[in-house]
Amino acid sequence: MSAPGYTNLNSSVSYSQNSTPNGGAAPPYQNGPTQAYQSMNPPPGCYGAPPQQQSYPTTPAHSTPAPGKASITKSAHSANYYQSNHQPQQQQHHHIPQHHVAPSPYNVPSSQSYATHPSSGPPPSNAQYNQQQQQQQQPPYATPGSYYGQQLYYPPPGQHSSQQQQQQQQQPTLVTAPASGPGAPLYPIVSYPSAPGSSQYGTLSSTQSTSTPGVMPTQMGAPLHQYNTSRPASTTAVQPGYNAAPPSQLAPTVNGQGSTAHQHYDQSHQASLSYNSYGGVTHSSGSTETDRPPSGTPSTSVHSSPGHQQGVQYGYVANSGASSAPATTSGPAAAPSSSSSEDEDDDDEEEDEEAGGDTSSSSTGSASPVPNSYDSLEGGNFPDSMPSSNDMTNQAASYGSYGYSSMQPAYHQGPASHADSSPSHDPYGQSSYQQYSQPFPNLSQLSAALGGLSGVPELEVEALRPVNLLQERNLLPPRPLEAPEPNLSPELKKVNCSPQTFRCTLSSIPQTQALLNKARLPLGLLLHPFRDLQQLPVITSNTIVRCRSCRTYINPFVTFLDQRRWKCNLCYRVNDVPDEFMYNPVTRLYGEPHRRPEVQNATVEFIASSDYMLRPPQPAAYLFVLDVSHNAVEAGYLKYFCDSLMENLDRLPGDSRTRVGFLTFDNTIHFYNLQEGLSQPQMLVVSDIDDVFIPSHDSLMVNLKESKELVKDLLTSLPAMFSQSRETHSALGPALQAAFKLMSPTGGRVSVFQTQLPTLGAGALQSREDPNQRSSSKGVQHLGPATDFYKKLALDCSGQQIGVDLFLLSSQYADLASISCISKYSAGSIFYYPSFHYIHNPAQLEKFQKDLERYLTRKIGFEAVMRIRCTKGLSIHTFHGNFFVRSTDLLSLANVNPDSAFAVQMSIEDSLADSSLACFQAALLYTSSKGKRRIRVHTLCLPVVNQLSDVYAGADVQAVTCLLANMAIDRSITSSLSDARDALVNAVVDLVSAYKSNVSNLLQSGLVVPAAMRLFPVFILALLKQKALRTGTSTRLDERVFAMCEFKTQPLQQLMRMVHPDLYRLDNMSDQGALHLNDTVVPQPHLLHLSAERVSRDGAFLMDCGTVFYLWVGKCCNEMFIRDVLGYPNYASIPPNMSHIPELETTLSERVRALLDWLQDNRAFCSTIHVVKDDTSAKATFFQHMVEDRSESASSYHEFLQHVQQQMSK
Amino acid sequence: MEAAVFILSLVDCCALIFLSVYFIITLSDLECDYINARACCSKLNKWVIPEMVGQCLSTMLMLVSMHWFIFLLNLPVAAWDIYRYLKVPMGNMGVFDPTEIHNRGQLKSHMKEAMIKLGYHLLCFFIYLYSMILALIND
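Chains as they are written, first to last, in numbering that gives the first Met the number 0: chain Y, 0 to 1209; chain B, 0 to 138.
Treat the hints as calculated values from the structure; they're not laboratory data. Just so you know, not all the hints are guaranteed correct.
[Claimed, not checked] Here chain Y is said to cover these stretches of chain B; the calculated rule only asks that three of the stretch's residues, wherever they fall, bring their Cβ under 8 Å from a Cβ of chain Y:
| id | region |
| --- | --- |
| 1 | 32 to 40 |
| 2 | 101 to 107 |
| 3 | 112 to 120 |
[What the hints assert, rightly or not] Computed spacing ranges between beta-carbons, pair by pair:
| id | chain 1 | residue 1 | chain 2 | residue 2 | range |
| --- | --- | --- | --- | --- | --- |
| 4 | Y | P465 | B | Q105 | 38 to 44 Å |
| 5 | B | Y21 | Y | Q1204 | 51 to 57 Å |
| 6 | B | G118 | Y | D690 | 30 to 36 Å |
| 7 | B | F68 | Y | S1033 | 54 to 60 Å |
| 8 | Y | R572 | B | K107 | 51 to 57 Å |
| 9 | B | V87 | Y | S1190 | 35 to 41 Å |
| 10 | Y | S1190 | B | Q105 | 35 to 41 Å |
| 11 | Y | N516 | B | Q105 | 17 to 23 Å |
| 12 | B | M114 | Y | L613 | 54 to 60 Å |
| 13 | B | L121 | Y | R572 | 37 to 43 Å |
| 14 | Y | N467 | B | Q105 | 49 to 55 Å |
| 15 | B | I115 | Y | D690 | 43 to 49 Å |
Every residue gets a Cβ at the ideal spot worked out from N, C-alpha and C, and that includes glycine.
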């Protein structure tokens, strides 16, 4: 976690290279036991092999940071197993002495390395390591003996536990450092280490350490004892080794898991190496992945060093690779390597997107070892797991009661299955959970669990408290609403997907459609799958474990029936655990499939193999299609576009293959030849717009790196080139056709800048808007497209992996309803700047510039597809968002960007009675801008309930509102706007009456809703007052259509802020309850209702509308506030359109700016701030957001409630 | 003469039966993910007008030959076909629109419609067959 670790990690990176060897070693483990130790033993290296592998190979690399990570993990593996094996001999040789020292000494020789690792950048020890590593290859550990040895070994760790723990502690810190480390900023997503990984990593590492040694001591005194006992047994042969072993244990712990220790000890360096590598792993993942990942994701090659680099993330690759490599030695392993690619099965169709995935590598080989490890594992785990298993019986009851205990059983899912499955199995699965939790101190766990037990019911009770809307007037919570927590066991809650990524309207899924209908709430998911993440575990493995029948990716919510089998949580099929999955690169233990990062994180990213490609990954390709007609020149956007692109040319996501092209159009189409070697860009004009052709095929889309000078030339001269243009027609359709032809061979992103209605050639449109109807309350026509030209073209584009983004900068009607289809169905984004003019409308210009900067530099995924899977019995009914639905659960996304979100509506087709959990998995397969195929998998797990009150308790009012908004948009296009508005009002009426008749048995008059939904009427009223859905207020058709597009694509948080802005009072903020982040204090003022009565003239109020902040200053506002925050002596001297907050040295100013920065923090697009004085005309823009007040054409909140009440009584 | 009318109707009805089966097969292919929405819809849209023409043809034949009962049996279906075709929004690519077919249960309703039509055409087939034989015997 700590940043320092990160740096260290870098150094470790080099290790990752080493790791490859380790990886090789790892396989041996699996297979391993078979081969004779003795042979191995002689060379210290053999023992060391595992450890060595880690660091050794890399040594050279070590000097450089990077690769090592993978190796580390591997080493861990080896360590565990090997230790046993090696110990005997090695110990004799070197270990013994070292061992003794080891615990403390560790710190000394190796410890230095440890200690240093975190802080010290590169591991000094590398050279030493290298030597060791070489030895590793030998590791035919395979001999069964080794396994036993492991068991034995464990015990020793227990003894040493205290020391180990200390070590462990060190480790975690180290680990953490990497996580936070530098890697994150650069490639947050990519780098496993940095991102989620980092945190997780940190946790994992800690877990690892804890799990092996640390955990043992804490939780499982018993197990430890067992170990001890076991030791004796094993000791027979090994005892000498054992003695040594303890030290080794220490070492292992240090490494993360100690197993390596023996070897390490012997070679004190090794140990250090392993650490380095470890750290490196984390680091490398961060740093390496971004750039280096290259090497080897793919199956076989991976094994070798490249794998490690990638492996950094987890070392998995290495493992897999390793396994394969070792295979040769051990024999069994061989299979894995070959396995890499075959898709086993099924549908060829899937190839398209998710194809290959599972190779079930041959896992047969390792039978003997497996059992051994398994036994040991079970032994360790059982105690803990058992209790949970007991809970199982209670499940049924549990539903009714909120108790978590019941939930846990649920986890296992099929209660029935539990019963069936051998008891041992259950424990196993549970054990995994526990392990997961282990990383944390037991005490904390306990307290957390207790808190959960007692707290949850309270929460639910609170969520169910009947609220009479006509009486309670202060409904808003003091802080912005959070997503409700699903009523799951703490373990599951901990691993569940973040609500920002994946959210369900009902956090308790009703068991049947009938129950859902009774609740009168929509069931659906809101997804933001590609959002920028601070932490993300990236996994490189040549076997991506998936269910064989439904192709679900393995996730934290599957059930492990035993060591070798897991049960899919979506279709309940029982699958085999592939061999390489048995090795845990994080803990470096064999036989712990339930601790792999895939099973510990609900959001993971896999580096996909070639099975997931239909063609080689495409390069990043960007084509800019610019309107240069007279209208565009008048608006003056071209100069700002060129400036912005010029500035961000080097920040465009991509690699050395990145291609760019430009195309301009008015009534003709102009291409630009930017071929390297030309002295200046060459313009080619095609005036035949009825049959567009591409004048030159290879020189129009050019490599950005090679032609950068020409591109810059063009950007400099472009604004002047058309300044005299008098052409008023626009041939948008033909220009898009040309763009399609130009991009077809590669796919990529087309950015279209349009400033008027297209009037020429294919796709020409006529004005459909009648300005007199803008404020009509009767219904709005022409919300749908006028032609299918754009839709067809968009589908063609989608088929060729071309995404089209539209920037409309128009002051006149441009029929956005028709043109937007080009983006809607090709998964593009739409930006609209009404009345854009570079002089007359500086606010729009500023927004345009900020959006453009974000747009050009944000992450992008190419040729993407997303599949949404859900538990058997649930099915997707309707999709909302920009994409093309290619088959029942497959979304085709030519481009995917981090700012767009999706929604789906679900229906319950079969009763969910036979499972207590419902799971949803969204898998996004895409090509990164660096040309790597990646799969991002999110899994959400929710409880299934059979009581209406539970459904209401778990309702997520924000998600429900957003989903209803999407449904209303659909309705207004297919039917009519007034229908849609009625449907929204009816949603409130239905909810209130359903609640009244089914749940609340109070004979209260008035409007009673469950507390969880108390804000529902406010939100619906706010929706009805949005541009998209309002009537009676003059609204331009294009603005309305754009607002509808926003509803469909904005992520939930952003959308909710637009619909129902957050209002705070700033002039009397106190530090009470403030957040302390780093050195800054972020005050947390209370949320206020959006009503003018909450605003007073003697105050200053901040309204957060998502894209804009308004700071409203009252006439009688405290002069101190004006002086300290705005920098003006009094109210009168504030300029009318002030749009920034000066950086003053006063406390109040610092607090206000801290709050603004904090609010801004997680937003993709930079929000602007406007200071609004009470007397200016801008006041209206502020007060139009006061949705609870009456406006000229819409009712107030109170009137709305009365209307609802009337409807109910009908 | 009457026999000729029914023979023609019978042939027409056979064609419509085949068409219904084709619709069902294609839609279920889409349901099972064997073809993508775009291919499915472009296949089906091609046959929307022929289906409508075939249905109207048999309706007109019955009207002309003054078989009122069968005419009334045919009329609602013909009217539905025409209404469905005219109702398509301007921006859609036909009765079957690839961007919408997976939304709002459209796939299911199309499937249901094709099934009902298949049953209806089978019924008509036997009516025509019976009437044809009757007409031939009478001759």
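* **Violating hint indices (sorted, rising)** => Of the numbered hints given earlier, those the structure breaks are 3, 6, 8, 12, 14, listed in rising order.
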